[in-house]
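K.L.:
Sequence:
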Amino acid sequence: SNSLLATDARVRLAAQLARYFTAILLVAMFVGTHLPSSAVPGFSIGDKLIHYSAYLALTVSALTSWELSAGVLRPAHFFVVWLAGTLYGAFDEITQTPFGRSCDGLDWLADIAGIVSGIVLYQLLRGFFFRWRGSIVSA
Numbered sequence: 278s279n280s281l282l283a284t285d286a287r288v289r290l291a292a293q294l295a296r297y298f299t300a301i302l303l304v305a306m307f308v309g310t311h312l313p314s315s316a317v318p319g320f321s322i323g324d325k326l327i328h329y330s331a332y333l334a335l336t337v338s339a340l341t342s343w344e345l346s347a348g349v350l351r352p353a354h355f356f357v358v359w360l361a362g363t364l365y366g367a368f369d370e371i372t373q374t375p376f377g378r379s380c381d382g383l384d385w386l387a388d389i390a391g392i393v394s395g396i397v398l399y400q401l402l403r404g405f406f407f408r409w410r411g412s413i414v415s416a
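All letters in the sequence shown, in the order written, are residues 278 to 416 by my numbering.
By construction, these hints were calculated from the structure, which means they are not laboratory data. Be careful, since some hints might not be right.
Per label pair, the in silico range of CB-to-CB distance [said to hold, decoys possible]: (1) Gly377 with Arg287: 39 to 47 Å; (2) Arg287 with Thr372: 35 to 43 Å; (3) Ile301 with Leu364: 16 to 24 Å; (4) Val288 with Ala367: 29 to 37 Å; (5) Leu383 with Leu302: 15 to 23 Å; (6) Leu402 with Ala361: 15 to 23 Å.
Yeah, the Cβ is synthetic: ideal placement off N, Cα and C, and Gly gets one too.
Between the sequences and the hints, there should be enough to build the whole structure, so can you do that?
P.N.:
This is the structure in structure tokens:
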């Protein structure tokens with residue numbers, strides 16, 4: 278029926294927008310962490326909050342795009358997102374040193390905390406998401 282086609286088109290569009298947002302966020306994070314820093318290396322709550330928030334947003338965006346594209350995510354999918362994010366966070370920290378920035382283990386821990394929080398937040402919000410998606414399907 279036409280309503281199902283419209284629903285499929287809306288879900289595909291939402292999935293595409295989520296994928297674009299995830300890719301843009303990932304590129305912005307990489308560029309932002311590889312520009313030479315004029316800040317003095319050291320512990321900064323603001324810096325850790327930026328790491329935490331960026332990885333939380335990246336995780337929620339990645340999970341949203343994956344679920345909209347592939348269907349209901351299972352625990353293994355969440356593990357893959359956690360593992361990929363954790364490995365990317367380590368890679369990101371290690372590759373900053375040639376650009377005059379420091380490799381900070383506390384930044385990496387903030388990244389991981391953001392990833393875990395993003396997974397938990399996504400799990401809490403998915404009930405709302407599926408109700409929203411269900412209301413589109415029944416329209």
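K.L.:
Each of the hints needs a verdict: does it hold here or not?
P.N.:
Now the hints, each set against the structure:
1. Gly377 with Arg287: 39 to 47 Å: Given about 46 Å between the Cβ atoms, the range holds.
2. Arg287 with Thr372: 35 to 43 Å: This hint holds: roughly 38 Å between Cβ atoms.
3. Ile301 with Leu364: 16 to 24 Å: With a Cβ separation near 21 Å, Ile301 and Leu364 satisfy 16 to 24 Å, so the hint holds.
4. Val288 with Ala367: 29 to 37 Å: holds, 34 Å
5. Leu383 with Leu302: 15 to 23 Å: About 22 Å separates the Cβ atoms of Leu383 and Leu302, which means 15 to 23 Å holds.
6. Leu402 with Ala361: 15 to 23 Å: holds, 20 Å
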